[in-house]
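K.L.:
Each chain is listed here by its residues.
There are 2 protein chains.
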Amino acid sequence: MSQPPDDPKTRDLPAGLRLVDGGVTAAPGFRAGNTACGIKTEPGAPDMALLLADRECDVAATFTTSQTASHTIAVCRDHLQRSRHRTQAVIINSGNANCSNGARGLDDAIRMTALAAARLGLDPTKVLVSSTGIIGRPLPMDKIERGIAQIEARPDGGHDFARGIMTTDTRPKTVAVEFDVQGKTVRLGGSTKGVGMIYPNMATMLCYLTTDAAVAPDELQAVMKRAVDDSFNMVCVDGDMSTNDSAFLFASGGAGNEPLREGGPGADVFEAALRYVTRTLGREMARDGEGAKKLMTVRVRGGATDADARRAARAITNSDIWKCAVAGGDPNWGRIISTLGASGATLDHDRLEIGIGGVTLVKDGVAADYDQAAAKRAMAGAEVEIDIHLHLGDHEATAWGCDLTYGYIDENATYTR
Amino acid sequence: MSQPPDDPKTRDLPAGLRLVDGGVTAAPGFRAGNTACGIKTEPGAPDMALLLADRECDVAATFTTSQTASHTIAVCRDHLQRSRHRTQAVIINSGNANCSNGARGLDDAIRMTALAAARLGLDPTKVLVSSTGIIGRPLPMDKIERGIAQIEARPDGGHDFARGIMTTDTRPKTVAVEFDVQGKTVRLGGSTKGVGMIYPNMATMLCYLTTDAAVAPDELQAVMKRAVDDSFNMVCVDGDMSTNDSAFLFASGGAGNEPLREGGPGADVFEAALRYVTRTLGREMARDGEGAKKLMTVRVRGGATDADARRAARAITNSDIWKCAVAGGDPNWGRIISTLGASGATLDHDRLEIGIGGVTLVKDGVAADYDQAAAKRAMAGAEVEIDIHLHLGDHEATAWGCDLTYGYIDENATYTR
Chain U
1 MSQPPDDPKT
11 RDLPAGLRLV
21 DGGVTAAPGF
31 RAGNTACGIK
41 TEPGAPDMAL
51 LLADRECDVA
61 ATFTTSQTAS
71 HTIAVCRDHL
81 QRSRHRTQAV
91 IINSGNANCS
101 NGARGLDDAI
111 RMTALAAARL
121 GLDPTKVLVS
131 STGIIGRPLP
141 MDKIERGIAQ
151 IEARPDGGHD
161 FARGIMTTDT
171 RPKTVAVEFD
181 VQGKTVRLGG
191 STKGVGMIYP
201 NMATMLCYLT
211 TDAAVAPDEL
221 QAVMKRAVDD
231 SFNMVCVDGD
241 MSTNDSAFLF
251 ASGGAGNEPL
261 REGGPGADVF
271 EAALRYVTRT
281 LGREMARDGE
291 GAKKLMTVRV
301 RGGATDADAR
311 RAARAITNSD
321 IWKCAVAGGD
331 PNWGRIISTL
341 GASGATLDHD
351 RLEIGIGGVT
361 LVKDGVAADY
371 DQAAAKRAMA
381 GAEVEIDIHL
391 HLGDHEATAW
401 GCDLTYGYID
411 ENATYTR
Chain Y
418 MSQPPDDPKT
428 RDLPAGLRLV
438 DGGVTAAPGF
448 RAGNTACGIK
458 TEPGAPDMAL
468 LLADRECDVA
478 ATFTTSQTAS
488 HTIAVCRDHL
498 QRSRHRTQAV
508 IINSGNANCS
518 NGARGLDDAI
528 RMTALAAARL
538 GLDPTKVLVS
548 STGIIGRPLP
558 MDKIERGIAQ
568 IEARPDGGHD
578 FARGIMTTDT
588 RPKTVAVEFD
598 VQGKTVRLGG
608 STKGVGMIYP
618 NMATMLCYLT
628 TDAAVAPDEL
638 QAVMKRAVDD
648 SFNMVCVDGD
658 MSTNDSAFLF
668 ASGGAGNEPL
678 REGGPGADVF
688 EAALRYVTRT
698 LGREMARDGE
708 GAKKLMTVRV
718 RGGATDADAR
728 RAARAITNSD
738 IWKCAVAGGD
748 PNWGRIISTL
758 GASGATLDHD
768 RLEIGIGGVT
778 LVKDGVAADY
788 DQAAAKRAMA
798 GAEVEIDIHL
808 HLGDHEATAW
818 GCDLTYGYID
828 ENATYTR
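Protein chains in written order, with my numbering: chain U, 1 to 417; chain Y, 418 to 834.
None of these hints come from the bench; they were simulated from the model. Treat the hints with care, as some may be off.
[What the hints assert, rightly or not] In silico lysine-lysine, BS3-like type, Cα no more than 27 Å apart, as pairs:
#1 Lys293/U / Lys184/U
#2 Lys40/U / Lys143/U
#3 Lys793/Y / Lys293/U
#4 Lys143/U / Lys9/U
#5 Lys457/Y / Lys710/Y
#6 Lys40/U / Lys710/Y
#7 Lys376/U / Lys457/Y
#8 Lys426/Y / Lys780/Y
With the hints as extra help, turn the sequences into a complete structure.
P.N.:
Written out as structure tokens, the structure reads:
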């Protein structure tokens, strides 16, 4: 449950960023909380969460590309369009995905926003909605109503919020940073939930990010898309894309800086902060994958194109046969070779270089002269680092995944019971 | 190890075909055998196999599309081109894939064909070669030499052949049929090996088919491609495509019929026989998937295109989260909905219909009124049948897969040890 001794959050912290506490409420002007309304069967388990800004925010959002998306996705898209991406709150339930529920499902998603808007005194189009959990069961609207009536949002509620959105996660996932923009101190923080059915594509699992920086709307959406592409879209737990994946970034402008624009003052540090936060949350989702005992980080260099590097890196994190080798601590690099060959990435077999934990196993496409004991040691810990060089160009990508264990099967053989 | 009580081979046997014994040696004029030369660590385990025809045959072949293919693939392609697809033998080793071994790997694959050709008195280009097993270890050529020197091919050696090509298979896989073509009795039979790293694409795992029918070379390749596309290319054990996948069909012409041509007399029954044999072998590979306890058959109807139907069917067999539900006997159809949504197949969520074992779970994209106990019963047996109707057109596809169990992890966490 606790962070590893050397907190991985501090490891890759870019210069100019300071870690702060609070997740989605780290930035001033945001409140959050959770409540238990009985959607989940465990008594007292938080199953609703609320994020509320003190003022209207500009909002960037990315959603699942699934053709069987949750009814919540349609409502969010509609509200964002009608509000011109100006939003003040999001109401979330866990334990039920509100997906495949037909006309009733759409009505229920709309009703969740209407109930929350009434409670908060907002226009319904200023409220977004997310659901996560079982597919194909109508939302228990009596419980949802009670939850919305009782939920409270507090300035220190970021950690409660993180717990309220969890499903099979073993721990809440939050991170927040502080940095300076145009002489003003601003904050950016957030939370995600995972941790099965994770292989997003142009979208992600549930993710909520908040900042008090002012960001021009076009820049907000552009920088959010870039950050999501290099973080959540590079995370694989099991190769299954969810019907409910959504990521939101709320920018309140409360810090009083001039709205950030591409190339303008402060835009770079803001993007660095957003990339750091999204990559940290993405990596922690992979580490907490269902049943996972090991985090796998795959760095691909030397790709002929960016797409090749991404494809190669994602393929390794998505290979069941390699994920089993990671579980067993077996440096069976033939499975990396095989997966690369089938990945669709352009490659030259005779140039491939593969290392694990700093031990070079493959050079020029054949076995290097390496120490088998050292290779096994590099696979033995809780973090396995795979470095692949395609030697065809200068494009790079990093993907995160986890091992495949009995625990994944246990969680997923019995989920609806 | 034994066939289930109601032999699945007889279930879908088309009219006009009669089951016969013998696998690759069912057809007159083919001999086969195996030997143990010590590549595998288990003492006495067969690890070489030989298929030999009494005369030169026309040969159709399909290979893996992997960019890191085994050196054997390059040699087969070269020999087929130089011999104009006229071949008389194939020599095979299991326990070592001869992949990622650089120039030495290519030399060794060529040498295997040369040694076999010398032993059999054939031109080396008339001999093909396959390897299967661990990637990245040079072939032990001393053992291979001994194996080639001692292996014998016998007219009743089909079952020995099937055992000689096995790796993690729990049982040999053979099938053969007899039928009439232009008043002549002909036979078609074969064997495959699986059973991990199986998600072929325009190719398959190792498969050898023989017939004494005469088939025009163009027709032979065309009918083989169609059969492989609808059989081995619709089998998924774990979504990983191998570096060594190969399928061969030898046609000797010994039966004395006029060479079969598209639309000509006998072409239809030959294609029906080939489709039956390849689908039976493909299905048995899925049933014998690593760790598999259940065979999953996914039939998709109502696709807008053939590609849509195939994509949808394959996606279900490739979903880890659904494969776990199959293992647990959990009729959690939300995972089918989610997988379909992410499959890339064109679909309309509101028209989806899903049934399992004859129980309709989803109608018009929402939960049907079904008996939960009946749904669980439909998931409880050794065969799980999933029927999906997209209601968008009249294209159909069938895919075969298996459940994801502890056994898969056990086999793959420790394979190289």
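K.L.:
Hint by hint, note whether the structure agrees.
P.N.:
Checked hints:
no. : hint                : verdict
1   : Lys293/U / Lys184/U : 41 Å, violated
2   : Lys40/U / Lys143/U  : 10 Å, holds
3   : Lys793/Y / Lys293/U : 31 Å, violated
4   : Lys143/U / Lys9/U   : 37 Å, violated
5   : Lys457/Y / Lys710/Y : 26 Å, holds
6   : Lys40/U / Lys710/Y  : 31 Å, violated
7   : Lys376/U / Lys457/Y : 22 Å, holds
8   : Lys426/Y / Lys780/Y : 32 Å, violated
Hints 1, 3, 4, 6, 8 from the list above are not met by this structure, while the remaining hints are.
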